[in-house]
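Q: Each chain, written out:
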Amino acid sequence: MSETITYLTDVAMITCVVQSGDADDIVKAAREAGATAALVYHGRGTGIRERLGLLGIAIDAEKDIVTVLVSSDQREIVADRIFHAGHFDTPARGFLCITPLEKAATYIPQSVKDRLTKKE
Amino acid sequence: MAEHFRFGDYQHELGYGHDEVSFNALTPKLQRDLEGRLIPYQPTPIKLMSKEVFKLLQPYVSVRFMEQVKSVIPLALYLALFQILILRQLVEDSWVITGGLFAVIVGLMFFMEGLKLGLMPFGTVIGKRLPQKSPLPMVLFITLLLGIGVTFAEPAIGALKAAGQKVAVERAPYLFALLNDWSELLVLVIGFSVGFAAVIGTLRFLYGWSLKPLIYISLGSVLGLTLYGAFDPELTKILGLAWDAGAVTTGPVTVPLVLFLFVLLRLVLKETLKNMGEIVYGIGLTIIGMCLFNAGLTYGLSKLGGNVGSLVPAAFMELSTVPLSPLYIYVVGLVLSLVFAFGLGYGATVAEPALNALGTTAQSLTNGVFKKKTLIAAVSLGVAIGIAIGLAKLIFNLPLVWLIMPGYVLALVLTYFSSETFVNVAWDSAGVTTGPITVPLVLAMGLGFGNATNAVEGFGILSMASIGPILTVLATGLLSDYNARNEALAVTKASGIPHV
Numbered sequence: 001m002s003e004t005i006t007y008l009t010d011v012a013m014i015t016c017v018v019q020s021g022d023a024d025d026i027v028k029a030a031r032e033a034g035a036t037a038a039l040v041y042h043g044r045g046t047g048i049r050e051r052l053g054l055l056g057i058a059i060d061a062e063k064d065i066v067t068v069l070v071s072s073d074q075r076e077i078v079a080d081r082i083f084h085a086g087h088f089d090t091p092a093r094g095f096l097c098i099t100p101l102e103k104a105a106t107y108i109p110q111s112v113k114d115r116l117t118k119k120e
Numbered sequence: 001m002a003e004h005f006r007f008g009d010y011q012h013e014l015g016y017g018h019d020e021v022s023f024n025a026l027t028p029k030l031q032r033d034l035e036g037r038l039i040p041y042q043p044t045p046i047k048l049m050s051k052e053v054f055k056l057l058q059p060y061v062s063v064r065f066m067e068q069v070k071s072v073i074p075l076a077l078y079l080a081l082f083q084i085l086i087l088r089q090l091v092e093d094s095w096v097i098t099g100g101l102f103a104v105i106v107g108l109m110f111f112m113e114g115l116k117l118g119l120m121p122f123g124t125v126i127g128k129r130l131p132q133k134s135p136l137p138m139v140l141f142i143t144l145l146l147g148i149g150v151t152f153a154e155p156a157i158g159a160l161k162a163a164g165q166k167v168a169v170e171r172a173p174y175l176f177a178l179l180n181d182w183s184e185l186l187v188l189v190i191g192f193s194v195g196f197a198a199v200i201g202t203l204r205f206l207y208g209w210s211l212k213p214l215i216y217i218s219l220g221s222v223l224g225l226t227l228y229g230a231f232d233p234e235l236t237k238i239l240g241l242a243w244d245a246g247a248v249t250t251g252p253v254t255v256p257l258v259l260f261l262f263v264l265l266r267l268v269l270k271e272t273l274k275n276m277g278e279i280v281y282g283i284g285l286t287i288i289g290m291c292l293f294n295a296g297l298t299y300g301l302s303k304l305g306g307n308v309g310s311l312v313p314a315a316f317m318e319l320s321t322v323p324l325s326p327l328y329i330y331v332v333g334l335v336l337s338l339v340f341a342f343g344l345g346y347g348a349t350v351a352e353p354a355l356n357a358l359g360t361t362a363q364s365l366t367n368g369v370f371k372k373k374t375l376i377a378a379v380s381l382g383v384a385i386g387i388a389i390g391l392a393k394l395i396f397n398l399p400l401v402w403l404i405m406p407g408y409v410l411a412l413v414l415t416y417f418s419s420e421t422f423v424n425v426a427w428d429s430a431g432v433t434t435g436p437i438t439v440p441l442v443l444a445m446g447l448g449f450g451n452a453t454n455a456v457e458g459f460g461i462l463s464m465a466s467i468g469p470i471l472t473v474l475a476t477g478l479l480s481d482y483n484a485r486n487e488a489l490a491v492t493k494a495s496g497i498p499h500v
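If you're matching them up, the sequences are chains W and A in order. Under our numbering, think of the first position of the first sequence as 1, with each following residue one higher. Under our numbering, think of the first position of the second sequence as 1, with each following residue one higher.
Think of the hints as simulated: they come from the structure by calculation, not from any bench. Check each hint, because a few of them may be wrong.
Computed cross-link-like contacts, DSSO-like style, restricted to lysine-lysine with a CA-CA straight-line distance of at most 27 Å [claimed, not checked]: (1) A/K55 x W/K28; (2) W/K28 x A/K70; (3) A/K116 x A/K47; (4) W/K103 x W/K118; (5) W/K28 x A/K212; (6) A/K133 x A/K55; (7) A/K70 x A/K493; (8) A/K70 x A/K47; (9) A/K29 x A/K47; (10) A/K70 x A/K373; (11) W/K28 x A/K372; (12) W/K28 x A/K371; (13) A/K212 x A/K372; (14) A/K116 x A/K70; (15) A/K493 x A/K116.
Pairwise CB distance ranges (calculated) [unchecked claim]: (16) A/S50 x W/T67: 34 to 42 Å; (17) W/T90 x A/E92: 41 to 49 Å; (18) W/K118 x A/M120: 52 to 60 Å; (19) W/T106 x A/V280: 36 to 44 Å; (20) A/E20 x W/E102: 17 to 25 Å; (21) A/Y330 x W/R31: 54 to 62 Å.
Small disclaimer: the values here were computed from a predicted structure and weren't measured. We put the beta carbon where it would ideally sit given N, CA and C, even for glycine.
Isolated chain W (complex conformation):
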């Protein structure tokens, strides 16, 4: 067992907040744009819903929150795909933000490690 931890750098996190039930579309779009994995959790949103008055009922207060880790090269295209797949250009359908991450670590398969070291 090796003691060294291989850190991944150039990682960005895309966080999306969408109406409950829409998460699967987002995950699909992200995956098609090359993202490896996504995490979905639930929450409750406030703000716009209250300010819209009675129209607010068209917005589900229950939200799905999707976080996707992408490489910094990918982030523009993944964010783009998510934006369009989630119809973020219509009122109250969703929101996304991109955060740069310093580094990340997880299990990296040996074959991938070998390939990367060979390149150098």
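Fit chain A to the given chain W structure using the hints.
A: The following block gives chain A in isolation, referenced to the frame of chain W:
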């Protein structure tokens, strides 16, 4: 200037079709009072242009509309096609029925959304506060009242009452009296028992009682009463109603219940709710939805069901209303009718939204041993078999006791051998299957069928539809248990470890 660019940097800088606006330009400037304290900022209401309003409402409406379309249309198509292709009869008043079905879809859509907005908040607050603020007897008493309220508000009970008008007075006087003169009392009695059952259910939940003994006790006494009724020629005719009532009571709820909950909240718990506007809107929606649904029920689902029901017997016997009947040789026609009932049961159940929820729960409860797909298939199969048997009961005029007794005795035996988890899921599935679409359809079909074949009453099909899934789910549960055990055995044998 560097000679090499990373493609990612290039892409980022290029920013195809991206604009940037500083968020600072959008956030409000905060005001301070004379002493330098911040004045809390009051957000202004957002004004949308009509185009934006449309864009906002369009997905909201279409998603909810399609949900109901998916559950109603396939069934209606099945009924209509069967009537046209197999029975070779045109659907009468097809425009009225189409309008009715549309009303059912829109009504259900309004009702469900209203329920979510107007009723769910009550449930959440009461569920959280009641046990904290009131002693156990109070909680149980309120549970009892709730059970009664829920039954009074139940739309399927209305279907039962409407069905009573089609019963012939001279042939089943007790049944007629119960459904017409004493219908309020009947609903009250049914409601009281639902409330009582809810109290027992709560106690069971609190003290972790096993479901099995409760099933043994209640089913034992009910079967005893049924046997007693079976030997009284007058009471026999009520048995169908009695067993069907059990299937009817579990469904959606509505307005008087909201009032009750509201009073409970204000007087007992002294709590208030946020978003009163939304709740009023939700309750308004449920009322509109209920009206539309009832109208649609009369002109759409019930009419279609009754129509087909009264025509199906033409497949194997002579009916004065249908020329050229019987349409098929007796045996072929009979098989066709039973296959029709089977298909109707299967289709109606697969579409039931509550079953989907139960499937998910069952899957997580049994750690995946009981797959969601398996459960839905098992329950649908059970309902299908149940309805087919119920139809056979009407055709051959079998006494209901003959079908109920062995069915529930078998269910008791299977319950004895099954694990607690499966028992819970199986007995719950009986209640889930009879929702707002299945009940009126099947009741109307049974009554139409009964009238055409001159049966005394068309009840009993629903009770068969309730027992079917219990049996199939218990059987499936035992089978998957058995399989899992066999697999485990095979694994231990293969790995050479002696099985202890």
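Q: All the hints need checking, so say for each whether the structure fits it.
A: Status of each hint after checking the structure:
no., hint, verdict
1, A/K55 x W/K28, "23 Å, holds"
2, W/K28 x A/K70, "24 Å, holds"
3, A/K116 x A/K47, "26 Å, holds"
4, W/K103 x W/K118, "22 Å, holds"
5, W/K28 x A/K212, "45 Å, violated"
6, A/K133 x A/K55, "45 Å, violated"
7, A/K70 x A/K493, "48 Å, violated"
8, A/K70 x A/K47, "35 Å, violated"
9, A/K29 x A/K47, "20 Å, holds"
10, A/K70 x A/K373, "18 Å, holds"
11, W/K28 x A/K372, "23 Å, holds"
12, W/K28 x A/K371, "24 Å, holds"
13, A/K212 x A/K372, "23 Å, holds"
14, A/K116 x A/K70, "20 Å, holds"
15, A/K493 x A/K116, "53 Å, violated"
16, A/S50 x W/T67: 34 to 42 Å, "35 Å, holds"
17, W/T90 x A/E92: 41 to 49 Å, "44 Å, holds"
18, W/K118 x A/M120: 52 to 60 Å, "58 Å, holds"
19, W/T106 x A/V280: 36 to 44 Å, "51 Å, violated"
20, A/E20 x W/E102: 17 to 25 Å, "24 Å, holds"
21, A/Y330 x W/R31: 54 to 62 Å, "58 Å, holds"
The structure shown violates the earlier hints numbered 5, 6, 7, 8, 15 and 19.
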